[in-house]
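S.K.: Chains as they are written, first to last, in this note's numbering: chain A, 594 to 821; chain B, 526 to 710.
Simulated from the structure, these hints should not be mistaken for laboratory data.
Wrong hints could be hidden among the right ones.
Claimed, not checked - Calculated lysine to aspartate or glutamate pairs in the DMTMM-like style (CA-CA distance at most 20 Å, straight line):
#1 A:K777 / B:D637
#2 B:K633 / A:E694
#3 B:K633 / B:D595
#4 A:K720 / A:E694
#5 A:K777 / B:D622
#6 B:K633 / B:D622
#7 B:K633 / A:D789
#8 A:K777 / B:D595
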Amino acid sequence: MPTADKRKKTTEFKKRLEVWASPVLREINTNLITEATFKLPGILLPLVETREVRYSARTADHAPCYELRGQQTGVWCVAASTEMLLNFYRYHYDQPRLAQELGLGTCDHPNGLPYSQVNKVVTVIEKLTSNTLDATLIANPGWTTFRDEIRANRPLISFIPGHSRTVAGYTSHRLALPGELPFKGLLVYDPWPPTDCEHPEDGGVITRWENFATQTYQYAYSAVLKHV
Amino acid sequence: MPISSNDSAAVCRRARELLTGGDFASPLVRTAGQVGEAVPVLHPDGGLHSWFVPITVDGRIAGFFQLLPDQTLLRYSTFQRHDDSLDGCPPAASWLDREAILGRIHEKKRPDETVGPLFLSYDRTPDRLAWAAVLTTARGATRTLYTSGRAVWEATDRTDDSFGGPGVPEVNRRLSAALFGGKMS
Numbered sequence: 594m595p596t597a598d599k600r601k602k603t604t605e606f607k608k609r610l611e612v613w614a615s616p617v618l619r620e621i622n623t624n625l626i627t628e629a630t631f632k633l634p635g636i637l638l639p640l641v642e643t644r645e646v647r648y649s650a651r652t653a654d655h656a657p658c659y660e661l662r663g664q665q666t667g668v669w670c671v672a673a674s675t676e677m678l679l680n681f682y683r684y685h686y687d688q689p690r691l692a693q694e695l696g697l698g699t700c701d702h703p704n705g706l707p708y709s710q711v712n713k714v715v716t717v718i719e720k721l722t723s724n725t726l727d728a729t730l731i732a733n734p735g736w737t738t739f740r741d742e743i744r745a746n747r748p749l750i751s752f753i754p755g756h757s758r759t760v761a762g763y764t765s766h767r768l769a770l771p772g773e774l775p776f777k778g779l780l781v782y783d784p785w786p787p788t789d790c791e792h793p794e795d796g797g798v799i800t801r802w803e804n805f806a807t808q809t810y811q812y813a814y815s816a817v818l819k820h821v
Numbered sequence: 526m527p528i529s530s531n532d533s534a535a536v537c538r539r540a541r542e543l544l545t546g547g548d549f550a551s552p553l554v555r556t557a558g559q560v561g562e563a564v565p566v567l568h569p570d571g572g573l574h575s576w577f578v579p580i581t582v583d584g585r586i587a588g589f590f591q592l593l594p595d596q597t598l599l600r601y602s603t604f605q606r607h608d609d610s611l612d613g614c615p616p617a618a619s620w621l622d623r624e625a626i627l628g629r630i631h632e633k634k635r636p637d638e639t640v641g642p643l644f645l646s647y648d649r650t651p652d653r654l655a656w657a658a659v660l661t662t663a664r665g666a667t668r669t670l671y672t673s674g675r676a677v678w679e680a681t682d683r684t685d686d687s688f689g690g691p692g693v694p695e696v697n698r699r700l701s702a703a704l705f706g707g708k709m710s
C-alpha cells in the first residue's frame, strides 16, 4: 500500500477507535438500536450503502465512470451489453462488429442470442481483449454477486429472462418499515428501448434503481482484469 | 382486473412521493419534474402487469417509474445521460402522444388491415416496454405490432428461446427443447 494511503487509513482508524472508546458508546446495546442511539454525540450510522463503478478503485479521487449504449436493433441487447462492459475497459468495438462475433447477424438481418449459446459471451469478451479480461458466467446470481463485483469496481452483464443489461452500481438500505425488507436496488444500464444502426448514440435507459426483490436474475457475467 | 381512475391517482401519488423523497431521480428532475398520468402496462394477453408513470421536464420525458398494481416499486429509469442535462431525453410526445405513436404503427400497416386500440405493453419481458396494437385483416387474421423508440416490429410467437429476440427459430426451438424443455424462466 502506498505510504500516503497507509498513513491516511491509520489516522482514520485511530479516530474511529477514539470515538468508540467513549463511555457512552461502549454501553450501546447492539441487539436493540433505538431512536436514542442515533442522537448520541459522535455517532454516525450509515443508513444506506451506495456504490457505483468508477475510473479507479480510489473513490476519493474519481467520479462515477460508465456509459450507456442503446441496442441498435430490437434483438441486440446482448451485443449492446457486451459493448458497455468492454467500453469500461477502453475497448471500443462497434455494435455491428460485436454482433458479428456473437453470431447475432447484421443490422438488416439481426437475431437474438440462443439460450444454448450463453457461453459465447465469455468467449467473445476474452477473444476481443486478447485474454486481458478473464470473463466468467455465473448462473442464478444473488445479491452478493453483484455487490462484491461492484465493490471490486467491476461492472457486470446481467441476463434476465429474454433480455440482457449491465449493472454498474447498487444501493442497500439498512432500515425498513416494520414487516418490510430493507430496499436493495441495482444501478442498471439497460440498452432498451432500441435505436438503429444509423443512430448509435440513442436508445437505452439508466435504471436507478431496479428493485432487486422484484427481478429474476438468470445469469451474470463478471470480467476480471488480469495483472502480470 | 378492472382498472379504475382511483388506482391511477393512487399510483401517481406514490410516484410523486418517490420522486421527491427518494434517491431515484437527478436533482434537476427532482425539482423540475412533472408527474404525468399513470399508464397501465398490460400483459400481451390483456391483464394488468404494472403502471408506467412518466416524469416530464420542459416537454421531454426525463424518466419514468414502473410500479406493480400494489404500488411496489419495480424501477425508476431515466433517459438522461448526465444528471444536469436533458440532452438525449426524447420528446414526451414520442412516448405519450397516442396519435403520434399510432402514426408509427400505421406506417407499417398493410392495406387490408385495420388497427385496433393502442395499449402499453412489453415484448418478451416487462423491462422491454413497448406500445402495441393488434392489426386485423378482413379475413380475421391478426398480428401485433410493437413500437418503442425508433423501432416498429411485429410480435413473434413467444418461444422465449433467446436473449433479445428470436434467433434462427427452428434450430433454437429444437435446441432449447432438448436442453430446457423448450422454455427457461
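S.K.: Which of the numbered hints above does this structure break?
M.R.: 1, 2, 3, 5
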